[in-house]
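Chemist: Two chains, two frames, a set of hints: combine them into the complex.
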Amino acid sequence: GAVVSQHPSRVICKSGTSVKIECRSLDFQATTMFWYRQFPKKSLMLMATSNEGSKATYEQGVEKDKFLINHASLTLSTLTVTSAHPEDSSFYICSARPGTGNTEAFFGQGTRLTVV
Amino acid sequence: GENVEQHPSTLSVQEGDSAVIKCTYSDSASNYFPWYKQELGKRPQLIIDIRSNVGEKKDQRIAVTLNKTAKHFSLHITETQPEDSAVYFCAARPGGGKLIFGQGTELSVKP
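One line per chain: the protein sequences are Y and W, in this order. Numbering follows our numbering, with no gaps: position 24 of the first sequence is 24. Just add 116 to wherever you are in the second sequence, counting from 1, and you've got our numbering.
Calculated directly from the structure, the hints in this document are not laboratory data. Check each hint, because a few of them may be wrong.
On the chain W side, residues computed to face chain Y include the following (Cβ under 8 Å) [said to hold, decoys possible]:
no.	residue
1	L162
2	I164
3	D165
4	F205
5	G212
6	F217
The calculated lysine-lysine pairs, modelled on DSBU-like cross-linking and capped at a C-alpha distance of 30 Å, are [as the list claims (entries may be wrong)]:
no.	chain 1	residue 1	chain 2	residue 2
7	W	K153	W	K187
8	Y	K42	W	K174
9	Y	K55	W	K158
Note that the Cβ used here is the ideal one computed from N, Cα and C, for glycine as well.
Bound conformation, chain W alone (with noise of 0.2 Å):
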């Protein structure tokens, strides 16, 4: 079954900085590829999502890159806000509605 790894575990920037989060999937039928931001207790809230037709997308500071061939999808996020910290997943849809989710990153923006 598809299996989805995320890097890294925890990242801490500074606000204004750039960050930058990986993920690797390995079902290549994968053909949709969201990003959510958990915070504590609350429900997943999609931020942006790339389909396997598109390379790129970008949505204001937010922007995700996919390269099919190596099975690999980044989420970037520019001039971060100290509002921004949150737990962010990356996840795959393999086919039947389904996502698999990667481990999650929790990033720490300083003020």
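So that you can see chain Y by itself, here it is in the shape it has in the complex (with noise of 0.2 Å):
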């Protein structure tokens, strides 16, 4: 199948910092790819569609100024997490399919993002 890269695995940052975390679609291109958000013990929620060369689509109740998106290639998307607080400690993983129509989605392995 293909191949959803997520990097990095954890990352610890302190209150008031940003973090990057980066999806890279490693064996196909991707014009979409999908953000989501997992509490402990919760479902994935969907943050937002990632959209090549344009605006990311922010779900309804997501910050897009806290949580920036940017989708400059075929076969990367990045989140920024800006000015983090304790609250904003999850686990952030993203998502690719190769085609469109209803085919498989790949997800990343995922970033467990903790701020201290």
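Modeler: This is the structure in structure tokens:
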């Protein structure tokens, strides 16, 4: 199957700093990628749709100035958590799919963010 | 927007028994319904999926059924094994490629 790689897998940062998470499709091009957030023992909550070459589409209730998304190429989307606070601590995971239609979505390995 | 409800939240079965997890969705435009297995701290792994033009699909011990009229789909695992223990998520794709997930079911298979 297709491979989606996410980096870093774990990051600890201080309150007030920003953290960038990368999501790469290694063997296919993706015009759209998706960012999810998952709290412990909870579901995956869709945060935003990352669109190559244009602005991301954020889900209701997600602060676009807090979670900056950039999709500068067909294989890379980045999520930057700005001015991080302890409540931003979570598991962030991206996904992408090789084509359109009802094809399988592939997930990155996730990033465990801890803000201290 | 799409809303996916999943039940039960926890399920405990004896090894060899069957397990059934049920989901309902709200958006009739949804046309793709995958099921994922997620182990702690890991990425979700697709175990089976079904498209809206199909009513049932089976893959060895795993089967999924879809009732479009009722907006309901279910996961069936037969002959459960301890390694089936994990959190299972259903999802629906309303369009645009995004997936909306159910709340998850923590399945425990006791030897």
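Chemist: State for each hint whether it applies.
Modeler: Taking the hints in turn, this is what the structure says about them:
no., hint, in the structure
1, L162, "holds (6 Å)"
2, I164, "violated (11 Å)"
3, D165, "holds (7 Å)"
4, F205, "holds (6 Å)"
5, G212, "holds (7 Å)"
6, F217, "holds (5 Å)"
7, W:K153 - W:K187, "holds (22 Å)"
8, Y:K42 - W:K174, "holds (27 Å)"
9, Y:K55 - W:K158, "holds (29 Å)"
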